[in-house]
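Novice: Read off the chains here:
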Amino acid sequence: MISRFRHLLATITLGLMGAGINHAAPTGMVEIPAGEYVPLFTSPVDPASVPVPAFYLDELPVTNAQFLAFVQANPKWRRSNVSPLFADQSYLKHWVGDLELGSLAPSDSPVVHVSWFAARAYAKWLGKRLPTTAEWERVAAAGYTVSNGREDTELNGDIYRWLARPTPNVIPSASEARPNQLGARALFGYVWEWVSDFNTAMVTGESRADSGLERDLFCGSGSVGARDTSDYAAFMRSALRSSLQAHNSTSSLGFRCARDLEPSSATSP
Amino acid sequence: MKTSPSILTSGLLCAALLSGQWANASEPVGEVEGPVDLPPAILALPVENAVLTAPPHVPPPITRKHSARVVVHLEVREVEARIADGATYTFWTFGGTVPGSFIRIREGDVVEFHLNNHPSSKLPHNIDLHAVTGPGGGATSSFTAPGHSSQFTFKALNPGLFVYHCATAPVPMHVGNGMYGLILVEPAEGLPPVDREYYVMQGDFYTQGRYGEPGLQTFDMVKSIDEHPTYVLFNGSVGALVGDNALTANVGETVRLYFGAGGPNLTSSFHVIGEIFDTVYPEGSFSTPQHNIQTTLIPAGGAAAMDFKVDVPGTFVLVDHSLSRAFNKGALGMLKVSGPSDRVIYSGKEIDAIYLGDQAEAGTEAQKREVELEKKIAAEIKSNPTIASLTKEVQMERGKRVYMQVCFACHLPDGKGLPKVFPPLAQSDYLLTDKDRAIRVVLKGQTGPITVNGETYNSAMPAQSQLNDEQVADVVTYILNEWGNDGGSVSVDDVRRVKNETN
Chain V
-12 MISRFRHLLA
-2 TITLGLMGAG
8 INHAAPTGMV
18 EIPAGEYVPL
28 FTSPVDPASV
38 PVPAFYLDEL
48 PVTNAQFLAF
58 VQANPKWRRS
68 NVSPLFADQS
78 YLKHWVGDLE
88 LGSLAPSDSP
98 VVHVSWFAAR
108 AYAKWLGKRL
118 PTTAEWERVA
128 AAGYTVSNGR
138 EDTELNGDIY
148 RWLARPTPNV
158 IPSASEARPN
168 QLGARALFGY
178 VWEWVSDFNT
188 AMVTGESRAD
198 SGLERDLFCG
208 SGSVGARDTS
218 DYAAFMRSAL
228 RSSLQAHNST
238 SSLGFRCARD
248 LEPSSATSP
Chain D
1371 MKTSPSILTS
1381 GLLCAALLSG
1391 QWANASEPVG
1401 EVEGPVDLPP
1411 AILALPVENA
1421 VLTAPPHVPP
1431 PITRKHSARV
1441 VVHLEVREVE
1451 ARIADGATYT
1461 FWTFGGTVPG
1471 SFIRIREGDV
1481 VEFHLNNHPS
1491 SKLPHNIDLH
1501 AVTGPGGGAT
1511 SSFTAPGHSS
1521 QFTFKALNPG
1531 LFVYHCATAP
1541 VPMHVGNGMY
1551 GLILVEPAEG
1561 LPPVDREYYV
1571 MQGDFYTQGR
1581 YGEPGLQTFD
1591 MVKSIDEHPT
1601 YVLFNGSVGA
1611 LVGDNALTAN
1621 VGETVRLYFG
1631 AGGPNLTSSF
1641 HVIGEIFDTV
1651 YPEGSFSTPQ
1661 HNIQTTLIPA
1671 GGAAAMDFKV
1681 DVPGTFVLVD
1691 HSLSRAFNKG
1701 ALGMLKVSGP
1711 SDRVIYSGKE
1721 IDAIYLGDQA
1731 EAGTEAQKRE
1741 VELEKKIAAE
1751 IKSNPTIASL
1761 TKEVQMERGK
1771 RVYMQVCFAC
1781 HLPDGKGLPK
1791 VFPPLAQSDY
1801 LLTDKDRAIR
1811 VVLKGQTGPI
1821 TVNGETYNSA
1831 MPAQSQLNDE
1841 QVADVVTYIL
1851 NEWGNDGGSV
1861 SVDDVRRVKN
1871 ETN
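Keeping their order, the protein sequence lines are chains V and D. Counting in my numbering, the first sequence runs from -12 upward without gaps. Counting in my numbering, the second sequence runs from 1371 upward without gaps.
Treat the hints as calculated values from the structure; they're not laboratory data. Check each hint, because a few of them may be wrong.
Said to hold, decoys possible - Within a straight-line C-alpha distance of at most 30 Å, the following computed BS3-like cross-link-like pairs (lysine-lysine) qualify:
1) K111/V <-> K1492/D
2) K1738/D <-> K1719/D
3) K1752/D <-> K1790/D
4) K1492/D <-> K80/V
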């Protein structure tokens, strides 16, 4: 409630300053204008693209310090208290203690070792939510300097260099990450990120046999129904999401939050 | 892509978890069915842990005459390791090596397989063992997130030498990063005993840097899709089986190679120079041995075993007989055989003598005729302006060919060079004001600072001593007239004059 109020104030303040934009995104978030998402996998009955209404997205992944504030305020999400149904044994295992980060978890580095349940609870605590796959991918499709990131050689170089390295023991801070054209930063190069509907990855049809995602994922058949079989980075994100269960956490998986636009501040694209 | 509302989806997940049904959840995500109920006859079998070995080593032959329950623990790790001298690559591995650990079981064994994905892994991985009968060859049951472990059980129904590999999308990248290995299912009756067994796999690698480029190399998606490998390697690096790492044997021993082609794309024309395979078990099948084979074809995702007795000492070179791969891309290994020589089987060089063939006298005659003909043609061209202008066109054409082989790498195809590093040729005042100097630079090289179009350059251009006089004349004529330049033409005589000037 408080943060919502702050957002309102910020909107008013910026409006008064005549900053040349219609309205402001909440602190730490960027407004993503309406656009579309081209799914990696489609079946013949699916539309080629999915419209994505405008929304707010965190500029950066959630940090250890931010997540620490969450577990301070919500004791049931502390490492020693959390239910094993909602987080597996590696939950926050890089922290020294329940409320102590330590050298493996610098305060301004993206938080990892969080489950989908924990990430969702964090977002809810701030009046936010997790982005959908469509929202996340729609933002990540932008390049640094061009709207189609697939044509941005610098971005692709950064993506594949990151993918080629094992996950470091200490995730570096993303505070200097370069923004893409939509203003979001560190979508690549630091951590994988949870999305609200991660478990729909690869589901392609109605029947159990056809929708068994592992089956469609493997070997040559992994390319059946794919929009662009040369988008290896998209396959890897899809594979990562498919490998997860909601209580899982791992060394390279963090998240960021999204929020709906307020009806009054929504703009037409 | 089915876009189901996230609330509904998470509701289903929660319900599944809270009701304790997760293990039997029929949702496609993370389908976990629980340990299999093995029948008493199988439960009664002895349990043993599989001995896994790193290449080029092979676990010892199986001596038991009955089936067993074999437990295999295989760890997936993403590791940076040497791919060539001075160059490293982040390999994705089964067991920390390329190829992955060698697994040896017996026909009829029931295998409890654990795939452990190290927490530092960037990606989820799985394993498709070609020895497995079942969907995905195990891949559907072994899809494992970083920092997780999967278990599945299979019965080895068919004997043979089988490839295993990661089958997670994008598969060519997982396999192209080294995720493959061999699993040997020995026939129930065993294999003929040999003195030494070795494990070698060929794989193609696609790096953004050229072959041998130093530093950490990155996977090149475009080269991979185009199937243009930078490296074709035996056991994951240039020289993995060379010098001190060479395979060894003694004269009189019989060697067995277990050879697989991991791919992702290339088949192998596997050959050992100076040996003939006494027995090949083609395509990994032990039921149809072939004898007296020179080169055996190994398909990508396939394997073969080959036995041969080494009769004489020396170094025997293992190659993919698609020879550019051996000569230029690393597909080369060595087997060093020591022991006494047998000069009846192979004598070594017996005699070295001089041989002139038909080059002795006739050669000089031919040369005379050639020189006279050249003179005649030159006189004809000089006296005929039509031919002379035609000559310039021909020179331009030939000069372009030289340029695109020798010069374009620095001065670029458009002649614009690289600002501050390689001076431009297009519209270059330095080039166009002094034709002889241009010839001199090509003949003798150029070092030290020069000013071109107001910019200072201080690089070194080597003398192009590999070009003959005609090629120099052609290429200088080309650069003097291409890209809007208008600098006249250069003859072979001009080149010789500059060449002979005193320094």
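Novice: Now tell me, hint by hint, if it's right for this structure.
Specialist: A quick look at each hint next to the structure:
With a C-alpha separation of about 28 Å, the suggested pair K111/V and K1492/D falls inside the 30 Å cut-off, and the hint holds. Of the supplied pair hints, the one linking K1738/D and K1719/D is violated, its CA atoms being roughly 38 Å apart against a limit of 30 Å. For the hint linking K1752/D to K1790/D, the alpha-carbon distance of about 41 Å lies beyond 30 Å, and the restraint is violated. Under the criterion of a C-alpha separation no larger than 30 Å, the hint pairing K1492/D with K80/V is consistent with the structure, at around 17 Å.
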